[in-house]
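Undergrad: Each residue of the sequence shown is one higher than the one before, starting from 1 at the first, in this note's numbering.
There may be inaccurate statements among the hints.
[As the list claims (entries may be wrong)] Calculated pairs, BS3-like style, for lysine-lysine (alpha carbon to alpha carbon, straight line, at most 30 Å):
| no. | residue 1 | residue 2 |
| --- | --- | --- |
| 1 | 101 | 69 |
| 2 | 78 | 65 |
| 3 | 65 | 83 |
| 4 | 116 | 76 |
| 5 | 73 | 101 |
| 6 | 116 | 69 |
| 7 | 101 | 116 |
In case anyone wonders, no lab produced these hints; they're calculated from the structure.
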Amino acid sequence: MNPLENITILDLSRLLPGGYCTLLLADMGAEVIKVEEPIRGDYARWLPPFIGDTSAQHIFGNRNKKSIKLNLKSDKGKEVFYKLSATSDVILEGFRPGVMKRLGVDYETIREINPKIIYCSLTGYGQDGPYSDLAAHDINYIGMAGILDLTGRPDGP
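Could you put the whole structure together from the sequences, leaning on the hints where they help?
TA: Take a look at the structure:
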């Protein structure tokens, strides 16, 4: 028996931080359902290198996961998401603060459907504060921390 068997996680993250977290949980037996936007899917689907027509990063980062394409801006998409939320244990999302509330799938709304839900929000700069509304990825974090100043050649950029 796997340690996270019978645990269901809805993964609304993009790229590495949330995706790697749910990858580890899936490897430990959790049922992870990756919720992707309907037109392009997850961004990792388009990142090289490719194995045939499929992104190697997408294959690695989404092994052991199921996926579903949902338009959370539509009533039908929200209806399906609410049904999935009712039987899930965890929701992990990586949007900027306020996005999930505008979509109608924020913690307060989902808690009404499933009071036992564990709701994890990953953001670049926290839920509040001067930078909380900024989108961010790895290059932004290392730049803000000053680490980029340590890279490059000693005599140049």
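Undergrad: A separate judgement is required for each hint: does it hold in the structure or not?
TA: Right, here's what the structure says about each hint:
1. 101 - 69: holds (19 Å)
2. 78 - 65: At roughly 21 Å apart (the allowed maximum being 30 Å), residue 65 and residue 78 satisfy the hint.
3. 65 - 83: holds (18 Å)
4. 116 - 76: Cα-Cα ~24 Å, so holds.
5. 73 - 101: holds (11 Å)
6. 116 - 69: Between residue 116 and residue 69 the Cα gap is close to 25 Å, so the pair holds against 30 Å.
7. 101 - 116: holds (19 Å)
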